[in-house]
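Residue numbers (my numbering), protein chains in the order written: chain A, 1 to 585; chain B, 586 to 1170.
Hints in this document: simulated from the structure, not taken from any laboratory.
A couple of the hints might just be wrong.
What the hints assert, rightly or not - Computed footprint of chain B on chain A, listed as stretches where at least three residues anywhere in the stretch have a Cβ under 8 angstroms from a Cβ of chain B: (1) 94–107; (2) 206–218; (3) 253–262; (4) 267–273; (5) 301–314.
To be verified - Derived lysine-lysine pairs resembling DSBU-like cross-links, with alpha carbons at most 30 angstroms apart: (6) B:Lys1105 to A:Lys224; (7) A:Lys308 to B:Lys840; (8) A:Lys189 to B:Lys848; (9) A:Lys510 to B:Lys1095; (10) A:Lys582 to B:Lys1095; (11) A:Lys504 to B:Lys873; (12) B:Lys1037 to A:Lys523; (13) A:Lys263 to B:Lys736.
Beta carbons are placed, not taken as given, at the ideal position from N, Cα and C, and that holds for glycine.
Protein chains: 2
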Amino acid sequence: MDNKQEKLEKIRHSASHILAQAVLTLYPDTKLGIGPAIDDGFYYDFEFSSPIEEEDLKKIEKEMKKIIKKNLPFNQIFMPREEAKKYLKAIDQTYKLELLEDIPDEELSFYTTGDNEFIDLCRGPHIENTKEIGAVKLLKTAGAYWRGDEKNKMLTRIYGTAFETKEELKDHLQKLEMAEKRNHRVLGKQLKLFALIPEIGQGLPVWLPRGYKIRRILEDYMIKLEEDHGYTHILTPHINKDILFETSGHLNFYKDSMYAPIKVEDETYYLKPMNCPAAMMVYKLEPKSYRDLPLKMGELGTVYRYEKSGELQGLQRVRGFTQNDAHIFCTEEQLKDQINEILDLLNQFYKDVGFDKYRFVLALSDKENKAEKYAGDPERWKIAEDTLRQVLKERGENFEEIPGDAAFYGPKIDILAENVFGKEDAISTVQLDFNLPQKFDIKYIDSNGEEKEPFIIHRALIGSFERFFAFLIEQHGGDFPLWFAPEQVMIIPISENQNNYADKVYEILKDADIRVEVDKRNKSMQARIRDAEKMKIPYIAIVGDKEIETDTVSVRSRLNKELGLMKTQEFIDYLKEEVRTKGNK
Amino acid sequence: MDNKQEKLEKIRHSASHILAQAVLTLYPDTKLGIGPAIDDGFYYDFEFSSPIEEEDLKKIEKEMKKIIKKNLPFNQIFMPREEAKKYLKAIDQTYKLELLEDIPDEELSFYTTGDNEFIDLCRGPHIENTKEIGAVKLLKTAGAYWRGDEKNKMLTRIYGTAFETKEELKDHLQKLEMAEKRNHRVLGKQLKLFALIPEIGQGLPVWLPRGYKIRRILEDYMIKLEEDHGYTHILTPHINKDILFETSGHLNFYKDSMYAPIKVEDETYYLKPMNCPAAMMVYKLEPKSYRDLPLKMGELGTVYRYEKSGELQGLQRVRGFTQNDAHIFCTEEQLKDQINEILDLLNQFYKDVGFDKYRFVLALSDKENKAEKYAGDPERWKIAEDTLRQVLKERGENFEEIPGDAAFYGPKIDILAENVFGKEDAISTVQLDFNLPQKFDIKYIDSNGEEKEPFIIHRALIGSFERFFAFLIEQHGGDFPLWFAPEQVMIIPISENQNNYADKVYEILKDADIRVEVDKRNKSMQARIRDAEKMKIPYIAIVGDKEIETDTVSVRSRLNKELGLMKTQEFIDYLKEEVRTKGNK
Chain A
1 MDNKQEKLEK
11 IRHSASHILA
21 QAVLTLYPDT
31 KLGIGPAIDD
41 GFYYDFEFSS
51 PIEEEDLKKI
61 EKEMKKIIKK
71 NLPFNQIFMP
81 REEAKKYLKA
91 IDQTYKLELL
101 EDIPDEELSF
111 YTTGDNEFID
121 LCRGPHIENT
131 KEIGAVKLLK
141 TAGAYWRGDE
151 KNKMLTRIYG
161 TAFETKEELK
171 DHLQKLEMAE
181 KRNHRVLGKQ
191 LKLFALIPEI
201 GQGLPVWLPR
211 GYKIRRILED
221 YMIKLEEDHG
231 YTHILTPHIN
241 KDILFETSGH
251 LNFYKDSMYA
261 PIKVEDETYY
271 LKPMNCPAAM
281 MVYKLEPKSY
291 RDLPLKMGEL
301 GTVYRYEKSG
311 ELQGLQRVRG
321 FTQNDAHIFC
331 TEEQLKDQIN
341 EILDLLNQFY
351 KDVGFDKYRF
361 VLALSDKENK
371 AEKYAGDPER
381 WKIAEDTLRQ
391 VLKERGENFE
401 EIPGDAAFYG
411 PKIDILAENV
421 FGKEDAISTV
431 QLDFNLPQKF
441 DIKYIDSNGE
451 EKEPFIIHRA
461 LIGSFERFFA
471 FLIEQHGGDF
481 PLWFAPEQVM
491 IIPISENQNN
501 YADKVYEILK
511 DADIRVEVDK
521 RNKSMQARIR
531 DAEKMKIPYI
541 AIVGDKEIET
551 DTVSVRSRLN
561 KELGLMKTQE
571 FIDYLKEEVR
581 TKGNK
Chain B
586 MDNKQEKLEK
596 IRHSASHILA
606 QAVLTLYPDT
616 KLGIGPAIDD
626 GFYYDFEFSS
636 PIEEEDLKKI
646 EKEMKKIIKK
656 NLPFNQIFMP
666 REEAKKYLKA
676 IDQTYKLELL
686 EDIPDEELSF
696 YTTGDNEFID
706 LCRGPHIENT
716 KEIGAVKLLK
726 TAGAYWRGDE
736 KNKMLTRIYG
746 TAFETKEELK
756 DHLQKLEMAE
766 KRNHRVLGKQ
776 LKLFALIPEI
786 GQGLPVWLPR
796 GYKIRRILED
806 YMIKLEEDHG
816 YTHILTPHIN
826 KDILFETSGH
836 LNFYKDSMYA
846 PIKVEDETYY
856 LKPMNCPAAM
866 MVYKLEPKSY
876 RDLPLKMGEL
886 GTVYRYEKSG
896 ELQGLQRVRG
906 FTQNDAHIFC
916 TEEQLKDQIN
926 EILDLLNQFY
936 KDVGFDKYRF
946 VLALSDKENK
956 AEKYAGDPER
966 WKIAEDTLRQ
976 VLKERGENFE
986 EIPGDAAFYG
996 PKIDILAENV
1006 FGKEDAISTV
1016 QLDFNLPQKF
1026 DIKYIDSNGE
1036 EKEPFIIHRA
1046 LIGSFERFFA
1056 FLIEQHGGDF
1066 PLWFAPEQVM
1076 IIPISENQNN
1086 YADKVYEILK
1096 DADIRVEVDK
1106 RNKSMQARIR
1116 DAEKMKIPYI
1126 AIVGDKEIET
1136 DTVSVRSRLN
1146 KELGLMKTQE
1156 FIDYLKEEVR
1166 TKGNK
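Make a model of the complete structure from these sequences and hints.
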């Protein structure tokens, strides 16, 4: 951490103390939870005696600014355990008393603000004086269980941020506002792409028609792309019998991420957290020879994995999601080509969807512990790791290498992307698997008639359609490339006199497989244009009398570029070309 | 039942006695279960002291024929209960003793064969003499739990059939053989369309690449067809929170068909047995006005319903399946048009997939009990029932009307198809629902600003992709129409000298979106042709030197029709036309 960052953390941690002080000044019977600095700011958890409103945040912020202006010093003091206990009991801070139990020290560290105006159980460090806080802003409240445990009371968490200067705060708030506009949850609602409906379930998004349209287009694209590279696709059920996960080992090492078992007659089923075990069974349906390899078995597989409710986040972190999954069974000699082909597909895909903010991470084994920690033959590990590294290098990719970050069953390449708020998540994976072939006794007969174990590459170009869609929405700010925009053209007749002509153009475009709508609502043309723009429809085709006379449409793109009058066929050709090139001219 | 059928039943029931007699003659320590006549034959359940083999069936059949030849009479006798008990104990027939407990009569009816050669607890009726059995044949064995209860012992069920004459038996066996060739389970395996893998789960089919290809084509076709008629599509998760099924009432009236609950933190989830509750929540996301109606909300929704393991049958009866589901929200005035449109889509779909063996059933309420038994307003029931009947009549459809067969929540039109063995099952449904709008408070604002309840039509053109696929396989005997055949063309070079040319033709066809493969395996041309025919690939394009010289392919269709030499483009046009017209020229 550099000095600037260290200073900022101290400022924010100190601001959280001032927040608590301000709250106690205004609402003296409030109980304090914890109040750390976090990325981009700080928070403090409170148990208020009555709920607080948006209005209250302003009052509290005002009180904080008053405190800051007093130029109060921060000082560390120590109290013996018994004294500390007595003190916290006296001021009736029960949560702090609980925290104290977890600290083994005999002398407890507290920090005072000013002349004991506020005292908090705290290890520090803090700034020296409140005047170092150049700018502070409270942002929002949220519910948070005490100690993150749903069995405990729900406290009120107040989020805020603080900087050395007002300019920095202003910059930050502007960035936040920009990010908020691109936030997939905001755009998802505005553009009617998906919905999270509490009665249906937490972390279980519903794809609304416009979102599902995009998903289906991307699915079809992906299947076609993979078929062109020799993949075939299967579909396996969402629940699998326990024996599969016992065999694979998931019930040993992955149980915490799996849903509770479902009893059916005398059998036990699980919602599948991964598609792999069923894919192995399909491989084994018929004996395989070297002539069958490389065998590329794809699946648009929906999996269900348990995540704590507190960690769910829009489409980015959900409990059920669909992968464009595939298992590639190949020989050692084919390994390099296969990894290259996967990265080719990946690049093609990212380019076609206009996705360019990502980075590669190569997760390797921890050399020293190799033998005991990892499944499979060390020699095969070496081949796999060397091949992954070599391929990335030869392709000239920038990548980070992280020894010790491999799964116990194999090394992998992860592709990470960052959301608008700076949070990073994996979107694609290329994972070697040395566990499954052994567990499921996966073999092929080589050209000498001998049984051999194939290499298995488990790869997902779209690790989760849900999560990838979140990133896609945010990177495009909802302005999707024409080829997968849910509607491509909105026809707007200037008045009802042009309705018939609008319908005619609609039919022609539709027959040419353009996704087109007509807006004949009884609203002003300007209002209808605004609505189409709000839904980020790539092209608006306006038709008035002039257009009827000349058998044209008046086209404007969503970038507010007037393309002027175009013959219908000319417009179709224009659109088709943009779809064909996927906007990559 | 006509006389012929009555006679046949007596013959078969008597044959089952003879089967039991033959078994006891050969394996005296066998315990007898029950032995009824069934459709097309008879069976008898046995507990053998050691397992029997295919070979044993022949021995038993031979013994039966010996008994029949003796011209033994059947006679009914009666025994008082205590005597009957003593007798069955003496011959150690424990299952018969159990059956006796369920018969309330004081005098128990038995039937003797010959001079007490065989005596069985039985109500009859039987034929008079074994000589009336003109022909008998044992067919197969299967496991069957005593009294159909999985908790009981598994007995060996021997199936057979019997007729008055040898000719009738011969005819029947021929028909069975033909049906077996069309049996979707046999073809499913032969054509690699799907697999049932015990380790993955019972009643949970896996779609293999060739089957999934067909499914995906049918899905895309269906979405397009529906979109052209104003449908939009959503996708909801496979597990839903309990509150949805409490609200809908499923947990009351449908619980037996639902899987066990899944606990997640402090919430309870269920695998959804129906897509309706989630669809209702999507409707409610935004207030609706009459301008939004008719609203046609489709979903390719996968549902999970519990079926007893004994009732599972290939793809026809499964535990998890995908529906092309839709909910149509409309006004009373729109109801008739909507039902007509649904039947239009249905006819179009059936015609396009070449499906023509089905019939309509109109399931209506039971007039007398209407008030207490059925959900919703009786007046709306009348409107719905009248409209359904009127539409079917006006369209000139043949349909059966079944009062009392409606669900408690609404009347419906079911479309039934028969499988190769004569078993009938519903494939499509058009169901009115008067329960959901009330349970979920589904409303729209009419043109006068008043809140009203829409009509909800719950329809599935494909009630289950799995089951429909079973029927489709059987009706076509695996010879799928070109437009959804998994591969459309197999190119076979006569020798490796034509491999390059074959690859060239392959690329041209592929670029024209023809689903094409090349078979360059080191096998004789005849063998490769046979393989392509075995996989029922619609067209085989053979290329030799002559074809290279003339820039053609030599085409034969799977109907063994030689189409002769065709220029590649000519061949493409020919295929495209067949795809465009879906074979309906």
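Looking back at the hints listed earlier, which ones does the structure fail to meet?
-> Checked against the structure, the only hint that fails is number 1, while the rest are satisfied.
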